[in-house]
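Using the sequences and the hints, build the whole thing.
These protein sequence lines map, in sequence, to chains A and B. Here this note's numbering is used: the first residue of the first sequence is 1, the next is one more, and so on. Here this note's numbering is used: the first residue of the second sequence is 324, the next is one more, and so on.
Hints may contain errors.
Sample of chain B residues at the chain A side, in silico, Cβ under 10 Å [to be verified]:
id, residue
1, Phe435
2, Cys436
3, Ala478
4, Gly480
5, Leu496
6, Ser503
7, Leu505
8, Tyr578
Worth flagging that the hints you see were computed from the coordinates, not collected in a lab. From the three backbone atoms N, C-alpha and C, an ideal C-beta is built for every residue, glycine too.
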Amino acid sequence: MLSNIFRGKQYAVSKKYNRQSLKDNIEEKKKSIKENYVEIQYQETECKPNVPEGIVAKCAKCGKIIYNKLLISNNKICPECGAYFKMTAIERLSTIIDVDDLCIEYDKQVTTKDPLKFPGYKEKLLNLQKRTGLIDGILVVKAKIKTNDIYIAVMDPVFLMGSMGTAIGEKLTRLFERATKENLPVIVFCSSGGARMQEGIFSLMQMAKVSGALARHSEAGLLYISVLTDPTTGGVTASFAMLGDIILAEPKALIGFAGPRVIQQTIGQKLPEGFQRSEFLLEHGFIDKIVARNDMREVLSKIILLHQNKSQGGSKDEFYTME
Amino acid sequence: MNFTPWNKVQIARSPLRPTGLDYIENLFDDFIELHGDRRFSDDKAIVGGIASFKGIPVTVIAQQKGRNTKDNILRNFSMPHPEGYRKALRLMKQAEKFKRPIICFVDTPGAFCGIGAEERGQGEAIATNLASMMLLKTPILTFVISEGGSGGALALGVADRVYMLRHAIYSILSPEGFASILYKDSSRAEEAANDMKLTAQDLYKFGIIDGIIDESDGGVQTNSLKTMREIDMIIEKDLTSLINEETKDMLDKRYERYRKI
Ligand SMILES: [Zn+2]
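Rendered as C-alpha cells:
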C-alpha cells in the first residue's frame, strides 16, 4: 500500500521491472496510440528508500549542511534559512493528502516507446528508471484531502527535470478524462523544464492533447487547480500549468515560458531582479495566490470545500444546491 | 531529388518563399484585415481578418514573415507576442459566433522570447489558444507553410486538419536551440535536424499531419501557383466535408486527432 510510503515520507521505492517488454518493436508499423507509449510489466519488491539513511544535504541558499531526515520531516524547508528544497512527487503528495486514507495510483506502468528512436534516449531512460525507481516524471493518484475525493498529479523534478513526453501527456490526459467521468476536481503540481526534447514533435503534441482533455473537464463545470512549483517553464507553462481555474504558486518559484538564460541571450541585456518568479507573476496578474508550502494542504482543502456543489455531481446548469 | 532534413530547414527559412499574406491574397477574395487583441496592442507578427472563399465567408489567420528587411522588423520576424495569440483567439471566437470556418497559416520560428512577452503571459496566451481551439464549434484548417516552431506554431495548430508543404518543417524547438540543450553545442544544428524528425514526410508518417502539399524541387516560390491551386482544392474539399458533419462529431474527431498521439 502506498500509504506506507507516505507515512515514512521516504523517497520513491525501487522497483524491478521486466526489461524485455521495454524493447522497442521497430517492425511495428501500425500507426496507433500504442506506438508512442507502452505499459511495462514489473514486479513489486520490498520498499526500499532510495536515499540512504543518514545522508546530508547542503542548502543552496545558506550553505548549511542538514540531515536529510530532518529536512524531510520539515517539508523540505531549510530549518536554518527557510529556503525550499525541491520535493519528489511522493514527498509532495505526502504533505497534501490524507495519508492514512486510501490512495490509488493510476497508470504507474505507462512509459514512452521512444517515438523518434532518439539516439541514446532509451538507455538513458532505463538507467534513470533503475536509479530512481520511477518509470516517468509524474505520479497520478486518486486520494482524499480532508475526506474529499480528488485526482492529483504531481510532477517529479528528479526525472529528466520533470520534462513532459508522451508518458506524462498520456497520464495527465487519462487523469482529466477519469475526473470528468467521475465529476471530480483535479489538482496538478507542476514542476517541469517543459516539453521533453528527446520525443520531439510528440512532446509538443502532448500540450494540445492535455489541454484538450482539460478543456472538456472544464466544460463539464469541474474544478481544476494548478500549483506551480520551482521550476515551471516551457511547454508545461504554455499548456496545463496556466489553465487552472485557480492557479497557486510556491514562493519564489521560477515560472515562465522561455527560460531566463534564453531570454538574456536573445535580448542581450540583464534581466530585472525577481523576473519570472512567483511574486512577479502575481504582480502581473497571472497567478491567483502565493501559498507557503506549510499552508498548501489547508488552502487547497478550503478551495475544494467552496467548490463542492459544483465539483461533486453537479451539472453546470445547476448554479447551486442547498440542503 | 533527395533533401536532407537540414536542407529542408534551410529551404523552409528562405526569404524567397511566399508569406502568409501571399497565401491570403491568392486564395481568398475581399480580405479585410482586422486588428488588435482588445487588451494591449496589435501584434503585426500575426495577420488576421475576414474574407470570402468561393463565396463562403471565412476567417483567416496567418503568421507573417516580412517580405523584406524593413518589413521583417515590423513583423518581428514572425515571432508573435502574447497579444498576437490573443488577437488570433479573438478572431476565432468571432468566427465561431458568425459560423465561419477558420483557416490558419503557420510560419514562425517560435513565439517571441523577451521581457514583455513574459510580463504579458506568453505561456498563458498559448495555453488558452490550445484549450479554446479544441472546443471551437466551427471547422479549423491549418497549413504549415514554412516554419512551424514550437508552441508558437501549435497555438494556431489545433485543428480538424493540419497540412504541411513538402519542404516545411514543424518541430518542438529550432534545431539550433535543440542542439544547444541536448548536445550543449548550438553549432550541431544539422545533426539535431536529423535526430528531431521535423520534416513534413516524418510528420505524415507519424500520423501527426493529414497530408503533404506538393511544391517544386526548387521551393514553392518557383511554381507557387501550382501549390496555391492544391491548397485551394484541399480547402474546398475539407470545408465541404466538415460543414456537413454534426458539430459534436467534428469536435470528437478533433479531440481524437490529438488524443491518439
Ligand atoms: Zn538554508
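Outcome of the hint check:
Below 10 Å, beta-carbon pairs count as interface contacts, and B:Phe435 has one with chain A at about 8 Å; its hint therefore holds. The interface hint given for B:Cys436 holds, since its Cβ lies 4 Å from the closest Cβ of chain A, which is under the 10 Å cut-off. Annotation: B:Ala478 was flagged as interfacial toward chain A, and the flag holds, the nearest CB pair being 8 Å apart, inside 10 Å. Restraint check, B:Gly480 versus chain A: the minimum CB separation of about 7 Å is within 10 Å; hint holds.
For the restraint placing B:Leu496 at the interface with chain A, the shortest Cβ-Cβ distance is roughly 7 Å, inside the 10 Å limit, so the hint holds. The closest approach between the C-beta of B:Ser503 and any C-beta of chain A is roughly 9 Å, which is under the 10 Å cut-off, so the hint is satisfied. Because the closest C-beta pair between B:Leu505 and chain A is about 5 Å apart, less than 10 Å, the hint holds. Annotation: interface hint on B:Tyr578 holds; nearest CB of chain A at approximately 5 Å, less than 10 Å.
Comparing the model with each numbered hint stated earlier shows that all of them hold.
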